[in-house]
Amino acid sequence: MTKPYSCSPAIASSFTLSAITLALCVSNMAFAQQLPQQTASQANSAPIDDVIVVTGSHTPIAKLTASNNVDVITQDEIERVLAVTPADLLNRITGVHIHTNNGMESLPAMRSPVLTGPGAAGAFIFAQDGIATRAAGFANNNGLSELNLAGASAVEVIRGPASAIYGSNAVHGVVNALSANVDQPGRLRFLYGENNHINIATKFSGEEYAIDYQHINDGGFRDESDFVSNKLDAKFITQFSDATVTTTFSGFNLDQETAGFISSGSNGECYTSSLADNVLYEDTAAMSKNCDPDAYRQWSSVRWASKWEWSLDNGAKLALTPFYRNNHMEFRQHYLPSRAIEENSHSSVGVKTIYSQSLSNDLDIVAGIDLESTTGLLIETQDAADKYSWGKARQQGQHFNYEVDAQIIAPFVQVMYQANEQLSFDASARFDNTQYDYDNLIADGTTKADGTSCTNNNGAAIDCLFLRPADRTDDFSNTSIKAG
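Residue numbers (numbering that gives the first Met the number 0): 0 to 483.
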């Protein structure tokens, strides 16, 4: 029987007070037979022990038996929200707060403070179908924006450490978006709101494929703060001999005019206020001002993975998932005195291998290994003239220009034992070995890029602010153990 495309209400974001909402529902076969639709309450009324999760374990398990603090955002919730920013969806979970900055930027907190800088970039894992969107050592605070959360079949969140499953970066938690299911009702939704906000989301699917696309165009509520974002997910399931093959492709791009923050009432021609800095928030005129009109962020990424699964004669299962990721970002550091432009990128190839077997009715074991190789680069360039202030010299030209090759080998094992109907036990162990080969492409030390010294306001030679280590190779090993 042909499944009709479902028609669900589109809900505008809270700030679009005068939003015009239009939901277009298109059937993949005209005049398809209409079936009764589940209400949200009916959809969510399934017994909790029927909820299966894949985050926090190497194999699918019942949510009630998971030893991690894992929570699930269901497809019904995702469809109702039609998220623009990660906060729209993830802030529904207790203990999670995603702080939305300008445009698609955000700062995460998961049973932690709102972390910034390296503290945020290296403390969380953002993943799609269990594969991190960025390589270890190449994280970004805003990484959640790459995920097509509005098109996911579910989003699973671990609050707290999960290093024994996902590696050393999973210090404060994991966000894992599960790709759209195949053979689901399709949709086409269009939302229009304040500040010329446009949100278009569409999904097409068949028995062996699902394609989900979201386009967001927002004019921004501050001067010169518009952005355009596109997200595409595609999923294909085929049978190849004895193997079930699930292939996913994801693409993302962002073109953003970034609005900086205002922390002072004196901003030259841009903005002045008679209010003291500590009560500047009371000046409503400041809310629409952007004193960093040259700030921007351009960001693109692609990801591909193909999971091959075999059921073996002894009842065991083997899964082999080769994957590829590529990420490129360029933005102005408007929040720093140098206002430099940073360009960073990295490409990875890798494979995840999982072998699982039930040794008895009560004892299951999972073992495998993750292998990954990454090449990345970073270039930071100051276009403003040399500047000496606050005892520091910030030079015009390149601050950094380096390349890094990284290799990761991570074997793991997990044992799950069901003692009785009320008591179960599981233990996991993972060993991560990461090697970085760093190559500095400009002068070493604290000089300018060409090796000359910086100067102070009196013309005396001094060290520049930015330190560039010489070429080096570093090797890190970490063992993570979990029991529950």
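The hints are simulated quantities; they were obtained by calculation from the structure and are not laboratory data. Cβ atoms here follow ideal geometry from the backbone N, Cα and C, with glycine treated the same way. You may find that some hints are simply not true.
[To be verified] Using C-beta positions, here's what the derived DEER-type ranges look like: (1) N457 <-> E342: 30 to 38 Å; (2) C269 <-> V227: 22 to 30 Å; (3) N194 <-> S263: 46 to 54 Å.
Going through the hints against the structure:
1. Between N457 and E342 the Cβ separation comes to about 34 Å, which falls inside the hinted range of 30 to 38 Å.
2. Checked against the hint of 22 to 30 Å, the C-beta distance between C269 and V227 comes to roughly 24 Å, which is consistent with it.
3. Distance hint for N194 and S263: a CB-CB separation of about 25 Å, inconsistent with the stated range 46 to 54 Å.
Going down the numbered hints, you'll see the structure goes against just number 3.
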